[in-house]
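> One-letter residues, chain by chain:
There are 2 protein chains.
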Amino acid sequence: MLAGMSETTNGHDFKALRKAALNLSLMGDDERSSMLMRMADGLDAARERIFEANRADIAEAEKKGLSDALMHRLVLNESKLSGALDSVRAVAKLPCPVGRVVEKRLLDEGLVLEKRTYPIGVIGMVFEARPDALIQIVSLAIKSANGIVLKGGSEASRTNETLVDIIRQTLGGAPFMMLLSSHRDVDTMLSMEGDVDLIIPRGSNSFVRYCMEHTHIPVMGHADGICCVYVDESADIETAVRVATDSKVQYPAACNAVETVLVHEKAASAFLPRFKKALDEYSVLIHADERTLEYIPLGNNVVKATEEDFHTEYLSMQLAIKIVSSLDEAIRHIAAHSSHHTDAIITQDERSKAVFFNSVDSADVFANCSTRFADGFRFGLGAEVGISTSKLHARGPVGLDGLTTTKWLLDGNGQRVSDYSGPDARHFIHEDLPL
Amino acid sequence: MLAGMSETTNGHDFKALRKAALNLSLMGDDERSSMLMRMADGLDAARERIFEANRADIAEAEKKGLSDALMHRLVLNESKLSGALDSVRAVAKLPCPVGRVVEKRLLDEGLVLEKRTYPIGVIGMVFEARPDALIQIVSLAIKSANGIVLKGGSEASRTNETLVDIIRQTLGGAPFMMLLSSHRDVDTMLSMEGDVDLIIPRGSNSFVRYCMEHTHIPVMGHADGICCVYVDESADIETAVRVATDSKVQYPAACNAVETVLVHEKAASAFLPRFKKALDEYSVLIHADERTLEYIPLGNNVVKATEEDFHTEYLSMQLAIKIVSSLDEAIRHIAAHSSHHTDAIITQDERSKAVFFNSVDSADVFANCSTRFADGFRFGLGAEVGISTSKLHARGPVGLDGLTTTKWLLDGNGQRVSDYSGPDARHFIHEDLPL
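One line per chain: the protein sequences are A and B, in this order.
Letter by letter, the first sequence follows residues 28 to 462 of this note's numbering.
Letter by letter, the second sequence follows residues 28 to 462 of this note's numbering.
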């Protein structure tokens, strides 16, 4: 389909990448896991070289006057590198995600159907300033036997190139891995239908949205993270205050932090003053709707909310509060305003919980616990590629399984379809076999 | 995001459709299944009205001079309608595809995570002339509790409108179902990101490709069906002749029929003359590559193949044959030419089979049986929405499961993430629970 495009004008050879990915998939899991251990050791032994490259990136970024947040992400220090290497070694020890039989059925005597997991093929990963993300992403790609096209933030280019160079040296080439450098390369990658099977962008909302709108390759990820906590009429007020506060303050810049708290009118007088007190300890700015202002007055970290506030991902110590008249109104608010990432109910009523679980159409729907639990590690998935808000393929925190596809393997001994049609047709057995 | 677009200029109310789909999902499976039985009975009782509408469509099509193939698809006669109604009743009896717990894990005492299946939401289905497809699609949508936007072929508009009218009368409204009529409506649907969650096009290659290239909504389906059968060096020749012949002649217009037969050079002299004899019974036209012509000469249903032939989906009593020097060459040919739908090896060598299974990156990979087995019913999936050649979400024959997504439900009693971090952090248990 795009036969002529396998080699780009920049000289990137996508055909060779796919072949290398296939070779990676034909190895055993023990071989791939041993590559990961060697990769961790190789990076460990080259710490000084990595830090030197990172210092050069930082010096350049300081000259350019990068924001504090970006600088913070750009830094690769001892503890961040150690964390990344620990994670590589942990990924090596996870169960093999490919070659797993997920369905098995006897269609007829001697005709056995299996559905098995396989690598997706070539994954395009675009990530922001954090160079430790590169290490994590490469380890997930190797473990899942996928080819990987990497495009990191240009601020981190020296660090990223050094990391890739060390990994290549350690593994003796690593042809299943390609590092793109220029900004134009992102557009090249987005146009590589047939060469790249899946794009995973990590970065700002606007960047993720740009990727989704400029490619016909499937994109897995999330743009916004507007999460809601709804305090039901029957909520235990202490639980509501604990959970809603944690959902905001534990790490407000995360996509799974709460941005809007909805409060049932019958819980408002008990909940709101106590919640306000808890938030004051962290100087959280409250955008309160009109009815909320009856319980927590304007001034002292309280401003009046506009409609815009309920569509805003603050990513900081701010949140919006709205009083609703019913569970149904809360569910309708979430349908219209949440980004379908993570939404929680605080309730002691089993029926309200069931209605919320079944009616809220989000990747993660929680009851009586913090939205911040929406995370691959906390969910017990081992490692996480990211969080998907799309409904197809993988939804919510995505682990190694999300980097696999399946194939149907049918093993026979000469069966024809013509024998299963017409007046003397053989009948299928269709008996599920143990996996 | 597209809030203002829920009601189209044509007056279709997508917001009401989504709400109706949610209501459908909140019913029990018994209620949805009983709707299906009522729908089948209602259509059964209105046979004469349906045939009358269909006769009007046929009369109009005859005036316009539609092709025989299209006319054949357009006709809805007693036996086709009976088959469609049998299928509706069979779908009613299938296990419920939604609300199924597919993962369950104890994260900590009192903190239980479940991954459960849910309907995708609203599915846009575009299908060609066959009006019986409408009945099947509506039944799958109801069983999986999805809203459905239907766009049938304009040739069948009277029949489709009558079917929808009868279904609405029988079910007392059926607001989860919308029938589009104009050609412009397809483009409207393709632009309905946020209102339609998944597009499933069934029709010509060019139409499916058009859909894929003109929407940012995920599309599930297949454009081409170029399937290969490879006759290995170690093939049992009788098996090879039986299977390769069935793969072509049993129903040559199907997407899972073989278009290219690859023959190992060491099997050529034993296989090719016998294969030619078997194909001659069905007057199959062979496009033979140069080396093949050494075994089956030009003339008498044999023409010389061009490179184009190995990229062609004949959908008729024609196929291409090529001699290869190795299993590896066969695999490379398939990678470059097949549409990654269904490819088969004929071999008695376990190692060749394993290499073929692992290296061929297609939805269905078969050994020693006909490519025509690639079908939801034959696979034991009950009903089939279609066959997907994309690697994400669902691959190969897609049953009701492909119309579901998942949600992560986390049920706690006040847990905060802050308790799981810092020096006195609680540790996760992460114990998988029985489903």
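Treat the hints loosely; a few may be bogus.
Within a straight-line C-alpha distance of at most 20 Å, the following computed EDC-like cross-link-like pairs (lysine to aspartate or glutamate) qualify [unchecked claim]:
#1 B/Lys120 - A/Glu155
#2 A/Lys46 - B/Glu356
#3 B/Lys42 - A/Asp402
#4 A/Lys142 - B/Glu220
#5 A/Lys42 - B/Glu220
#6 A/Lys293 - A/Glu220
#7 A/Lys42 - A/Glu155
#8 B/Lys131 - A/Asp402
#9 B/Lys42 - A/Glu356
#10 B/Lys46 - A/Glu356
#11 A/Lys107 - A/Glu155
#12 B/Lys42 - B/Glu265
Please keep in mind that the hints were generated in silico from the structure rather than gathered at the bench.
> Hints first: check each against the structure and report whether it holds.
Hints and how they fare:
At most 20 Å may separate the alpha-carbon atoms for a hinted pair to count; B/Lys120 and A/Glu155 exceed this at roughly 50 Å. Our distance criterion of 20 Å between C-alpha atoms is met by A/Lys46 and B/Glu356, whose separation comes to about 14 Å. Annotation: proposed proximity of B/Lys42 to A/Asp402 is violated, straight-line Cα distance about 31 Å (limit 20 Å). Simply put, A/Lys142 and B/Glu220 have alpha-carbon atoms about 31 Å apart, too far for the 20 Å limit, and the pair is violated.
With a C-alpha separation of about 33 Å, the suggested pairing of A/Lys42 with B/Glu220 is violated against the 20 Å cut-off. About 54 Å separates the Cα atoms of A/Lys293 and A/Glu220, which puts this hinted pair outside 20 Å; it is violated. The suggested pairing of A/Lys42 with A/Glu155 is violated, with an alpha-carbon distance near 26 Å, which exceeds 20 Å. About 16 Å separates the Cα atoms of B/Lys131 and A/Asp402, which keeps this hinted pair within 20 Å; it holds.
For the given pair, B/Lys42 sits about 16 Å from A/Glu356 by alpha-carbon distance, which is consistent with the 20 Å threshold. Between B/Lys46 and A/Glu356 the CA atoms are separated by roughly 14 Å; this keeps the pair inside 20 Å, and the hint holds. Proximity of A/Lys107 to A/Glu155 is assessed by CA-CA distance (about 16 Å); at most 20 Å being required, the pair is judged to hold. Only pairs whose Cα atoms come within 20 Å are accepted, and B/Lys42 paired with B/Glu265 is rejected, the gap being roughly 59 Å.
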